[in-house]
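J.: Protein chains in written order, with this note's numbering: chain H, 2 to 103; chain W, 19 to 255.
Errors might be hidden in some of the hints.
[As the list claims (entries may be wrong)] Okay, derived cross-link-like pairs now, DSSO-like style, lysine-lysine, Cα gap no bigger than 27 Å in a straight line: (1) W:141 - H:61; (2) H:61 - W:82; (3) W:142 - H:25; (4) H:25 - W:141; (5) W:211 - W:159; (6) W:141 - H:31; (7) W:37 - W:60; (8) W:82 - W:141; (9) W:142 - H:61; (10) W:37 - W:222; (11) H:31 - W:222.
Since the hints were made in silico from the structure, they are not lab data.
Residue-level listing of the chains:
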Amino acid sequence: MPDQERLTQAIYAAVDELNEQLPKGVRVAKSLDSPLYGPGSNLESIDLVNLIIEVEEKVKEAFGVSITIADDRAMSSQNSPFVTVGALTNYVSGLIHDYESN
Amino acid sequence: MIMNQTNQQPVLLVTGARKGIGEYLVTHYVQRGYRVVGCSRKAAAERDGYRHFCVDVTDEDAVKQMLGTIAEEYGRLDVLINNAGIASMNSLLLTPTDTARTIFETNFMGTFIACREAARLMKKHSFGRIVNFATVASALKLEGEAVYASSKAAIVTFTEIAARELAPLGITVNAVAPTPIETDLIRSVGAEKIERLIQRQAIKRIGEIRDVANVIDFFIRPESDFVTGQVIFLGGV
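Sequences are here, hints too, so could you generate the full structure?
T.: Structure below.
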């Protein structure tokens, strides 16, 4: 599995980039429990799109791998990887692992 | 007027830049002070103000790599002109599946991939102008062009929806739909057929590349920031 500390930092860097574009009231806290989608989240769908793009870019910078987060598997998963920062981190960790294994 | 190149000058990417309309647009926008980047499957001469990439627009990794290079070296992308396209005139009953697939790959998938990757770069500056290529063949329901016209009809719907999705990012998406123009694309179409087609236009003359450039000029000017999701058909079709 990829270095979890490095991955978390990459995800948080993406959250920082997103927060710069958001008004104070809806910014995402840098915590694995922070909601991104569904109850408890104030993000608009375009904000989530922006976050996913930022995460893909930060992962490429940190790990040198090009991942596609919003693929069919993610969109149809019963446990959505977009519910919280932690769920997204776990999903991205799996994508990096798959990429490095192939 | 050719201006000295500076980092403040807008960057414009045109696909299918080696010949025909693309080649014309490269010169047109270099002369207007853009830093122009182009791509095509085959090599083309570079010159002051113009950089060329050998990239097939259906090759996702290659397009991503090209946009990555633009991001690194220019730091911005202001305009994308999705000019790359192919046509194949044939009876529906005789069109090989591979031909149909190739046309959709280049005309639709190529436009989709370039739009997606370009918009990711454009959104960093909350500004972008994307111009896609449709065709009058869709509106005229042109026999013999079922697959080509369908691939371009898809571009119209794609343009209209992309305009809505990208508007919050400061990116406009429009399309120009040319009439027949003297390029390789219509080389195999008979003169009589072209004449019949022209007779169905409101303005009955063959199109010129400057007609296309004129519409693109309008779409990409800064003042056109309230114009998106539009398709302009040339010749009054």
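J.: Each hint should be assessed against the structure and marked as holding or not.
T.: A quick look at each hint next to the structure:
1. W:141 - H:61: The given pair, whose Cα atoms are some 18 Å apart, holds under the 27 Å limit.
2. H:61 - W:82: Satisfied, since the Cα-Cα distance of roughly 12 Å is no more than 27 Å.
3. W:142 - H:25: It holds: about 20 Å lies between the C-alpha atoms, which stays within 27 Å.
4. H:25 - W:141: At roughly 21 Å apart (the allowed maximum being 27 Å), residue 141 of chain W and residue 25 of chain H satisfy the hint.
5. W:211 - W:159: holds, 14 Å
6. W:141 - H:31: Holds: residue 141 of chain W and residue 31 of chain H sit about 23 Å apart, inside 27 Å.
7. W:37 - W:60: Roughly 10 Å between the alpha carbons, so the hint for residue 37 of chain W and residue 60 of chain W holds.
8. W:82 - W:141: holds, 16 Å
9. W:142 - H:61: Cα-Cα ~17 Å, so holds.
10. W:37 - W:222: Given that 27 Å is the threshold and the Cα spacing comes to 25 Å, the pair holds.
11. H:31 - W:222: violated, 63 Å
In this structure, only the earlier hint numbered 11 is contradicted, and the remaining ones agree with it.
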